Structure formats: C-alpha cells, structure tokens
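Colleague: I would like the entire structure built from these sequences, with the hints used as guidance.
Number of protein chains: 2
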Amino acid sequence: MGRPMFKREDVRTGLWPERVTIMDVGPRDGLQNEPYMLPTEQKIRLISGLVDAGVKCIQVTSFVHPKVVPQMADAAEVVAGLLPRSGICYFALIPNEKGYERALAAGLRHVGLVLSATETMNQKNLNMSVPQSMAIAKRLLQRAKSDGLTVRVDVSVAFVCAYEGVVDPQKVIAQTEELFRFGADQVCLCDTTGRADPGQVAYLFAETRRRHGGERLAGHFHNTYDMAIANTLAAMQQGIAFFDASIAGLGGCPYSPGATGNTPTEDVVYLCRQMGVETGIDLEKLCDISELVRTFSGKLPPSAYYRATRVKQTDGLVTT
Amino acid sequence: MGRPMFKREDVRTGLWPERVTIMDVGPRDGLQNEPYMLPTEQKIRLISGLVDAGVKCIQVTSFVHPKVVPQMADAAEVVAGLLPRSGICYFALIPNEKGYERALAAGLRHVGLVLSATETMNQKNLNMSVPQSMAIAKRLLQRAKSDGLTVRVDVSVAFVCAYEGVVDPQKVIAQTEELFRFGADQVCLCDTTGRADPGQVAYLFAETRRRHGGERLAGHFHNTYDMAIANTLAAMQQGIAFFDASIAGLGGCPYSPGATGNTPTEDVVYLCRQMGVETGIDLEKLCDISELVRTFSGKLPPSAYYRATRVKQTDGLVTT
Numbered sequence: 109m110g111r112p113m114f115k116r117e118d119v120r121t122g123l124w125p126e127r128v129t130i131m132d133v134g135p136r137d138g139l140q141n142e143p144y145m146l147p148t149e150q151k152i153r154l155i156s157g158l159v160d161a162g163v164k165c166i167q168v169t170s171f172v173h174p175k176v177v178p179q180m181a182d183a184a185e186v187v188a189g190l191l192p193r194s195g196i197c198y199f200a201l202i203p204n205e206k207g208y209e210r211a212l213a214a215g216l217r218h219v220g221l222v223l224s225a226t227e228t229m230n231q232k233n234l235n236m237s238v239p240q241s242m243a244i245a246k247r248l249l250q251r252a253k254s255d256g257l258t259v260r261v262d263v264s265v266a267f268v269c270a271y272e273g274v275v276d277p278q279k280v281i282a283q284t285e286e287l288f289r290f291g292a293d294q295v296c297l298c299d300t301t302g303r304a305d306p307g308q309v310a311y312l313f314a315e316t317r318r319r320h321g322g323e324r325l326a327g328h329f330h331n332t333y334d335m336a337i338a339n340t341l342a343a344m345q346q347g348i349a350f351f352d353a354s355i356a357g358l359g360g361c362p363y364s365p366g367a368t369g370n371t372p373t374e375d376v377v378y379l380c381r382q383m384g385v386e387t388g389i390d391l392e393k394l395c396d397i398s399e400l401v402r403t404f405s406g407k408l409p410p411s412a413y414y415r416a417t418r419v420k421q422t423d424g425l426v427t428t
Numbered sequence: 109m110g111r112p113m114f115k116r117e118d119v120r121t122g123l124w125p126e127r128v129t130i131m132d133v134g135p136r137d138g139l140q141n142e143p144y145m146l147p148t149e150q151k152i153r154l155i156s157g158l159v160d161a162g163v164k165c166i167q168v169t170s171f172v173h174p175k176v177v178p179q180m181a182d183a184a185e186v187v188a189g190l191l192p193r194s195g196i197c198y199f200a201l202i203p204n205e206k207g208y209e210r211a212l213a214a215g216l217r218h219v220g221l222v223l224s225a226t227e228t229m230n231q232k233n234l235n236m237s238v239p240q241s242m243a244i245a246k247r248l249l250q251r252a253k254s255d256g257l258t259v260r261v262d263v264s265v266a267f268v269c270a271y272e273g274v275v276d277p278q279k280v281i282a283q284t285e286e287l288f289r290f291g292a293d294q295v296c297l298c299d300t301t302g303r304a305d306p307g308q309v310a311y312l313f314a315e316t317r318r319r320h321g322g323e324r325l326a327g328h329f330h331n332t333y334d335m336a337i338a339n340t341l342a343a344m345q346q347g348i349a350f351f352d353a354s355i356a357g358l359g360g361c362p363y364s365p366g367a368t369g370n371t372p373t374e375d376v377v378y379l380c381r382q383m384g385v386e387t388g389i390d391l392e393k394l395c396d397i398s399e400l401v402r403t404f405s406g407k408l409p410p411s412a413y414y415r416a417t418r419v420k421q422t423d424g425l426v427t428t
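Order-wise, the sequence lines are chains Z and D.
Going by my numbering, the first sequence opens with residue 109, and the numbers climb by one from there.
Going by my numbering, the second sequence opens with residue 109, and the numbers climb by one from there.
Hints were generated in silico from the structure; no laboratory data involved.
The model shown is predicted, which means the values in this text are computed figures rather than measured ones.
Think of the CB as a built atom: it goes at the ideal place given N, C-alpha and C, for glycine as much as any other residue.
Only true hints are included.
With the Cβ distance kept under 10 Å, some of the chain D side facing chain Z (calculated, not the full set):
id	residue
1	THR332
2	ALA338
3	GLN345
4	TYR378
Some residues of chain Z that are not near chain D, with every Cβ distance over 10 Å (derived):
id	residue
5	LEU146
6	GLN231
7	LYS246
8	ASP293
Sample of chain Z residues with no beta-carbon within 12 Å of chain D, all distances over it, derived:
id	residue
9	ALA181
10	ALA184
11	ARG289
12	GLY322
13	GLU386
Modeller: If you want it as structure tokens, here you go:
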C-alpha cells in the first residue's frame, strides 16, 4: 500500500507533531496485570526485541515491594540484564523513596512516579491521600534533580475515575502545574479507566499544553471503550507527541475474552504511520514481538493491526 | 457518570454536527456476512427492536438474487412484516433494475445502490465495469425520481481497495460529483477494507462537503484496523452527520476470534453521546438488542461498549 495521494498538511486539523515517541509499557504495566509470571530472561528478551523494532523508550519494570507485586520482584535483575544502548531510555516505576533508592542502585537514569487525580483512587491504589502523594513527589523530584535523574509523573484517572466519575479538568490542570513546579520532567495524563472521550482529551491537553508546552506532556490511554485511537488522534491534534502503549495489548484483562486494557503499541504505530507521523518503529518487527508475547501469554493479542495482518482468516463476502 | 465540566465548543476542532443520524446496517450488511440463516420473524424482531431503541434509519434487507445471497431470499417478507412508523426510514439495497422493481413492489420508499471506486473491486463484487455500474445508477436514479423514491449510492473501497491499494481521492471526488448530477439523494463513502485512516477520511469528506454540502454525504467505516471510531471523529470534524454502523458489529468475520468488520452501532452511539452529539438512540436499549443478537449468533459482540458494560469480569489490578 502506498501513501494517500494528497498532502498531509491539507488534513491536519489542529496542531500536529512531526514525530511521536512511544513508550512501551508492556514489560511493566502490561505484565503486572497478567495472570502468569514471566521469567526474567524472557522479560529481557521482550525488552531487547522492542529495542530492535525501534522502540526508544520502554517501561522495563517497577521497584515496588515484591509482596505487593510479585511479578516485579526481579526488577534489579531485569535492569542488570539490559544492554545499555545509545538513545534508548529504560524507565522504571517507583512508588516511594525505597523504590527510588533501589532504582538508583540498579543504575537506572529514568524513573516514574504515580499518583491519582482523585482522592478515592489514590487511597485505593496507593493507600494515602493525594496531598501525601504530592508531598512524596515533591521530595523525590528534588532528590532526582540532585542525582541527575529524569522523572516523569503519571496522573492516573485524569479524565474519569472509577469511584468519583468524571474528573474536574481544573483539578488536573492545577495538579499538573504543581508537578511541573516541583521539577517533573514530564507529566503523563492517564485514562486509567478507558472512559475518556476525545473531547475531554482535547480540552485537557489544549489547556496543559498552553501552560507548559507540548513537549513535556504525555498521554496514556486504555482501549476499554474503543476510544484509545480516537483519543490519541485528539491529543495529536493538540500537538502532543508522547504516548504510552503496550506491546500486544499486554495488561488487558484476561478474564473477559476480547476485553482490552492498555492500547496495543502496534495500533498506535499504525495510526502514526498512516498519518505520516514518524515513530522510528518498524511495524513488522514489532508484530514479530507480538508473536513472542502470544507464545508466552497463550492469548491472541487484542491489537487490530496484529489480527488483521497476522491471523489467517477466510475472506468474507464483501459488498460495501 | 455526568458530563465533563467544560464547554464542548471549546474542543470542537473543525466543524461539528449537532445531531448525527446512524443507519443500522446489521439486518442487511451484517446478516449477509454471517454464517447462519436467521428466520424472517427474528429479522423483523431485530429491526423493530432497533426502532424501539431510537434508531431512525435501518438497512432492512437487500433485493438481490436468492442464489447469490440466500440470506436475503426473504426480502419481500421482511419488508411486509415491518410496521410503518412515522419518522423511520426502512432502506434496502438493490443491485440492479430487477431488484429495484422488487423493492418498489414491496412498497419500500428508500433504496440504495452500490458500486466501487476501483475497476477491479467492481468486477469482483458486481461482475461489471465501473462505467457499466455508473450507467445502471444513472438509469435507476432517473426511474426513482419519477417513482418518488429516495436513493443513496454507496461507493465501496472509496479509500483503500483490497486489489488496487490506496485509491486516488480525485477519482472518488469525480465519481461522487457525477452521482449527485445523476440525482443521488445521498452518497456514502465506504471504507470497505477498514484500511482508511483519519487523514484520508478528513481529506475526502472535506473535499466532497465543500462541493455538495455535508447533509448529503455519509460515511461507512469498518473497524478491522481499529480506526473506525477515529475515522468517525475525523468525518464529524468535517461536518459529516450520517454514519452507517451495525448492531453488535454484525458482519464481523466469524472465522477469526475478535476480528471485526462493521463498526458496532453501540460504539458509534457512545462516541456521539460522549461528544455531546445527539443521535436519538438510547444506548442501554440498544445493548438489549445486542444481547438478542448474541443469543442468535452465539458470539460475543465485538462492541467495546457492550463488552465493558455487559460482560462480567473480575477487576484487574489498576495502577496507571
């Protein structure tokens, strides 16, 4: 298939990035939500496969307490097993100071904090109040500055909370502003519940971009309501150029056939490729990694691109 | 969940319709591609259920030769079994003059023709050349005018052809212009292969709207590459306000689990509801019809909204 025969500029409603960075969160956010335990060497193979496919930024693990998330007990071993490669950003999630120290000791240069936009979600997910989480973020951001680490902060349920419903965007705008004032290098607005719509996404990214510039903002969408690609489009139209996605949709709820969680990386790369936006990722090599995920998960990846191009099917009758 | 706390006007990049009409194509385009035969009374039950849910426009059947499409052999019986309801548009596909006469005899007032944007697809699907199809369309449009029927024309593979690749939009623009000159009441640009991207969609609808106005154009998207919602969004941003969709995604290829064809009506209605665009359709009543489809198809509908709200699943661990 060639490129469409018109200028991309003609159809770029709103702002558009020339290039988009995709952080693959499969090895952490994905695997953490899968029912099986993946051996360390398999995790390393997955991560290096992603790098080979052109993924420049990977969330490789999380330095949480092994009792809380047994899947991530091998965090230090995973990091130790990664080849340093120029231009590649290995990134780990850290829940607190202890995690920060472990990540630092493991030699990581990029860490991520997480907190919530709503009080109830923060209590349920992190067992503390939003002000407590903000205080920890402030301290860790100061330490990271002096240690020379880059830090991003994920704001979960930035659009719709499972407990509190639609989140007031003014709250998220204020929280984002505070996090940048504390020294965050990037703030990621996360649609944890998959309930954000393109209108909410456009509004929140337009408002935060106007204040902080597009290059320090990221979007993390879930495909639960099939809105992830439309939300990515809406964010790109606001000039956002950094998105999380998960190889083979890792982390989709395994209990319901076809239910999806994280947006499959393949589909975001496909969207970008079709829109003429550079990602540096080779889609076919990426799908080879989806095959690898399929072998160890035993599940058909929810990625539409993967299914349309790698799963054999008899041609149906086509009329319109 | 309440409405987001900002004005929709603030985020309406491009044009936006206040109200969108959705034509459910499940009873025709959907069932035609399913492997089982649905009894006539079940088809009628399905159609009246859609009307009860607020769907104003339904593609109820196709007057094709029963040998070609046995599923549609009961076309006249289906039409005879429908209650006339004010404000409801029952619509049938007709492949040729013979089909036109059968539809007229059955008492239908709204008919649809189909032809392709590319020569190869037209030969494979309709066994004639594009000029031959255009000549038939011209004759039938003239007859329909004098018979007082409304006619829409579906242009299949308007974006990407399975045989010829990316379609030159100038060809589709010229074809659309000719069809309106012949007297078409509506032209529907169909992404038959599901390979259209939001850039192509924005371009083609912007160009055709500029020439003919948004109110005579319709979009028909497939979700094969998970682009249907983003494509619908892109078309709405160009002021398009008429979309095809299929209840419970009827017509998705049954051979590959999760592979999707027609965009599920539920998901388009959900997008519109979230974006504050009126459809007149009650989403929960619509999902009751999805349940009905599930019972006779024996398949879990591919609609994300249906799965997220009607399928029980254990809550997964949520962090970002």
